[in-house]
Amino acid sequence: MSANISQPPSAYDTIRTQKTILGHPAGLFVLFFTEMWERFSYYGMRALLVLYMVDYLIKNVRAGTVHVVGFLPLQRGIEAVFGPQNIQPMASQIYGIYTALVYLTPLFGGMIADRLLGQRKTVVIGAILMAIGQFFLAAESMFLVGLFFLILGNGCFKPNLATQVGGLYPPGDPRLDRAYSIYYMGVNLGAFFAPLVCGTLGQKYGWKYGFAAAGVGMVCGLIFYLWGQKFLAEDHLTRGKQSHTEKVPLTSKEWKVIIALMVLVVVNALFWAVYEQQGNTLQLFADRNADWHVFGFEMPSTWFQSVNPMFIFALTPLLITFWGRQSRRGTEPGSITKMAMGCILLGLSFLPLIYIAHGLGETQRISFLWLVGSTFILTVGELYLSPIGQSLVAQVAPPSLVSMLMGMWFLSNFIGNYFTGYLGTFYEKMPHDVFFVMLGGLALAAGVAIFALGKPLRNAMGRKV
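Take the sequence shown: its position 373, counted from the start at 1, is 372 in numbering that gives the first Met the number 0, and no numbers get skipped.
Accuracy of the hints is not assured; some may be wrong.
Here are the simulated SDA-like pairs of lysine to any residue, each with C-alpha atoms no more than 25 Å apart in a straight line [what the hints assert, rightly or not]:
1) K58 <-> K428
2) K454 <-> V464
3) K58 <-> G205
4) K229 <-> H23
5) K207 <-> N59
6) K18 <-> P316
7) K454 <-> S251
8) K203 <-> A289
9) K203 <-> V60
10) K454 <-> P397
11) K18 <-> I319
12) K207 <-> V65
13) K58 <-> A289
14) K18 <-> G227
15) K120 <-> Q228
16) K229 <-> I181
17) K58 <-> F81
18) K203 <-> F134
19) K203 <-> W291
20) K203 <-> V371
21) K207 <-> L128
22) K229 <-> P398
23) K428 <-> G439
24) K207 <-> E139
25) K203 <-> W302
26) K58 <-> A79
27) K120 <-> L103
28) K454 <-> V379
29) K207 <-> P72
30) K229 <-> R114
31) K58 <-> A137
32) K58 <-> F70
33) K255 <-> L410
34) K120 <-> P398
35) K454 <-> L249
36) K203 <-> I86
37) K454 <-> T250
38) K252 <-> G453
39) K203 <-> E139
40) K428 <-> Q363
In short, the hints are calculated from the structure, not lab data.
Using the sequences provided together with the hints, build the complete structure.
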């Protein structure tokens with residue numbers, strides 16, 4: 000690996016960063032809406048994924064009425080490791096493998112952008128691959144092929160769009176944490192509407208219509224990104240070529256930063272292993288054990304997937320204002336402390352579910368408001384961890400490796416999402432309240448670990464973070 004030694008790029012002073020909206024570069028809002036459409040696509044598909052496999056796909060494959068390319072080898076591979084799997088555990092395993100690989104490939108997508116293509120071209124390739132994947136999902140026989148295209152596409156797209164947010168701001172700009180929080184609102188605006196549109200189409204009119212709608216959303220994101228290129232900063236790769244910077248080995252200080260980020264990746268994996276149950280076991284709990292009737296109207300259970308992004312969109316401005324006030328008073332927690340607080344809040348979010356699920360029978364229904372209350376606490380925890388982690392990488396990563404290290408950061412999602420699937424296999428084996436105790440305990444353990452490691456991590460990064 001090597002790092003570039005250069006002065007802050009002059010591109011920061013060009014017209015790209017002169018046009019501002021709400022005190023931020025206009026390019027931030029191009030990235031905001033691009034990510035909004037991509038997340039509409041991803042979360043629209045995710046809202047349907049487990050229910051589609053449990054209620055339709057797997058049982059019909061096993062009955063011989065549906066053929067899915069590559070399914071039987073995959074099933075044999077999973078059962079060779081974990082033994083025979085009923086429909087729900089098999090769906091959980093596939094969900095975990097898919098969502099894990101979605102967050103493994105960004106490491107390689109970041110390398111491609113840093114070394115070969117630059118962030119813009121890599122994002123465009125990723126968007127095209129994901130659109131193809133979503134449309135493949137609409138054909139049941141191509142289900143696994145569609146997931147494969149989505150895995151590859153997300154690897155190209157995700158780290159390189161997020162990295163471009165940091166490229167809009169000069170080094171040390173205090174707006175960066177809040178910029179990533181605004182960007183994160185775009186993520187969740189798309190995630191809010193996705194289950195309402197794709198989930199409703201899939202559950203009420205046919206699975207293929209829900210997946211096709213997700214594909215249309217991805218195409219919209221690609222078009223918007225191509226339109227807004229003039230507002231974006233130049234790629235790190237392009238700036239490096241223009242300035243003819245000499246590559247030198249990484250310094251010991253930069254290696255310490257990378258190692259510190261790797262430690263955080265491992266601990267954060269516990270957060271994501273618990274958090275991603277929203278699309279797995281919590282979606283099943285919402286479908287099987289929650290009453291979604293309001294004033295005589297029964298909402299589709301996939302609308303549960305909209306609760307978390309709804310709260311993110313509502314709470315982000317409040318938290319940005321709150322952090323701004325803390326910053327002016329000199330009391331704003333550093334990034335590492337915020338992340339530890341996020342894990343603790345995630346653990347506490349299971350308390351309402353533990354209480355209401357105690358002694359709950361398989362056919363008994365609870366008010367969906369219990370899930371809403373739990374998701375409210377979970378969302379505050381997410382806002383203290385997810386956008387802050389991306390901001391941290393943008394602040395401390397060596398410039399020549401920023402996309403690759405953003406991709407490495409998503410390895411915590413890779414590890415966590417795999418364990419999401421594994422933990423989900425215990426959902427039918429444990430009483431629901433015991434299952435939720437396990438999830439809450441894992442999140443609390445992650446928070447305690449980050450608090451304990453806070454001082455050595457700050458020392459390794461060489462700054463107050």
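Structure-based check of each hint:
As the CA atoms of K58 and K428 are separated by approximately 20 Å, the hinted pair is consistent with the 25 Å bound. Of the supplied pair hints, the one linking K454 and V464 holds, its CA atoms being roughly 10 Å apart against a limit of 25 Å. Between K58 and G205, the direct Cα distance comes to roughly 17 Å. Compliance with the 25 Å bound is thereby established for this hinted pair. Among the hinted pairs, K229 with H23 is consistent with the structure: their alpha-carbon atoms are about 16 Å apart, no more than 25 Å.
With a C-alpha separation of about 16 Å, the suggested pairing of K207 with N59 holds against the 25 Å cut-off. For the given pair, K18 sits about 22 Å from P316 by alpha-carbon distance, which is consistent with the 25 Å threshold. In summary, the hint linking K454 to S251 is supported, as the alpha carbons are separated by about 19 Å, within the 25 Å threshold. Simply put, K203 and A289 have alpha-carbon atoms about 18 Å apart, close enough for the 25 Å limit, and the pair holds.
With a CA separation close to 22 Å, the supplied pair K203 and V60 stays within the 25 Å bound. A hinted pair counts as satisfied when its Cα atoms are at most 25 Å apart, and K454 with P397 qualifies at roughly 21 Å. Taking the CA atoms of K18 and I319, the gap is near 22 Å; set against the 25 Å cutoff, the hint holds. Proximity of K207 to V65 is assessed by CA-CA distance (about 14 Å); at most 25 Å being required, the pair is judged to hold.
Pair hint K58 plus A289 holds up; C-alpha atoms about 24 Å apart against a cutoff of 25 Å. For the given pair, K18 sits about 13 Å from G227 by alpha-carbon distance, which is consistent with the 25 Å threshold. A distance of roughly 11 Å separates the Cα atoms of K120 and Q228; the hinted pair therefore holds under the 25 Å criterion. With a CA separation close to 20 Å, the supplied pair K229 and I181 stays within the 25 Å bound.
As the CA atoms of K58 and F81 are separated by approximately 19 Å, the hinted pair is consistent with the 25 Å bound. For the hint linking K203 to F134, the alpha-carbon distance of about 19 Å falls within 25 Å, and the restraint holds. Note on K203 and W291: the hinted pairing holds, with a Cα-Cα distance of about 15 Å set against a maximum of 25 Å. Straight-line distance between C-alpha atoms of K203 and V371 comes to about 23 Å, which keeps the hinted pair within the 25 Å bound.
Annotation: proposed proximity of K207 to L128 holds, straight-line Cα distance about 18 Å (limit 25 Å). Between K229 and P398, the direct Cα distance comes to roughly 22 Å. Compliance with the 25 Å bound is thereby established for this hinted pair. Restraint check for K428 and G439: satisfied, since their Cα atoms lie roughly 17 Å apart, inside the 25 Å limit. Distance hint between K207 and E139 is fulfilled; the C-alpha atoms sit about 8 Å from each other, no more than 25 Å.
For the suggested pair K203 and W302, the alpha carbons sit about 12 Å apart, so the restraint of at most 25 Å is met. At most 25 Å may separate the alpha-carbon atoms for a hinted pair to count; K58 and A79 meet this at roughly 19 Å. The hinted pair formed by K120 and L103 meets the criterion: a straight-line CA distance of about 20 Å does not exceed 25 Å. For the hint pairing K454 with V379, the CA-to-CA distance comes to about 24 Å; that is within 25 Å, so the pair holds.
Distance hint between K207 and P72 is fulfilled; the C-alpha atoms sit about 24 Å from each other, no more than 25 Å. Pair hint K229 plus R114 holds up; C-alpha atoms about 22 Å apart against a cutoff of 25 Å. Between K58 and A137, the direct Cα distance comes to roughly 18 Å. Compliance with the 25 Å bound is thereby established for this hinted pair. Under the criterion of a C-alpha separation no larger than 25 Å, the hint pairing K58 with F70 is consistent with the structure, at around 12 Å.
The suggested pairing of K255 with L410 holds, with an alpha-carbon distance near 18 Å, which does not exceed 25 Å. Distance hint between K120 and P398 is fulfilled; the C-alpha atoms sit about 19 Å from each other, no more than 25 Å. Proposed proximity of K454 and L249 is supported: the alpha carbons are some 23 Å apart, at most 25 Å. A distance of roughly 22 Å separates the Cα atoms of K203 and I86; the hinted pair therefore holds under the 25 Å criterion.
Simply put, K454 and T250 have alpha-carbon atoms about 21 Å apart, close enough for the 25 Å limit, and the pair holds. A threshold of 25 Å between alpha carbons decides the hint, and for K252 with G453 the separation of about 17 Å falls inside it, so the pair holds. Note on K203 and E139: the hinted pairing holds, with a Cα-Cα distance of about 17 Å set against a maximum of 25 Å. Restraint check: the Cα-Cα separation between K428 and Q363 comes to about 18 Å, which is no more than 25 Å; the hinted pair holds.
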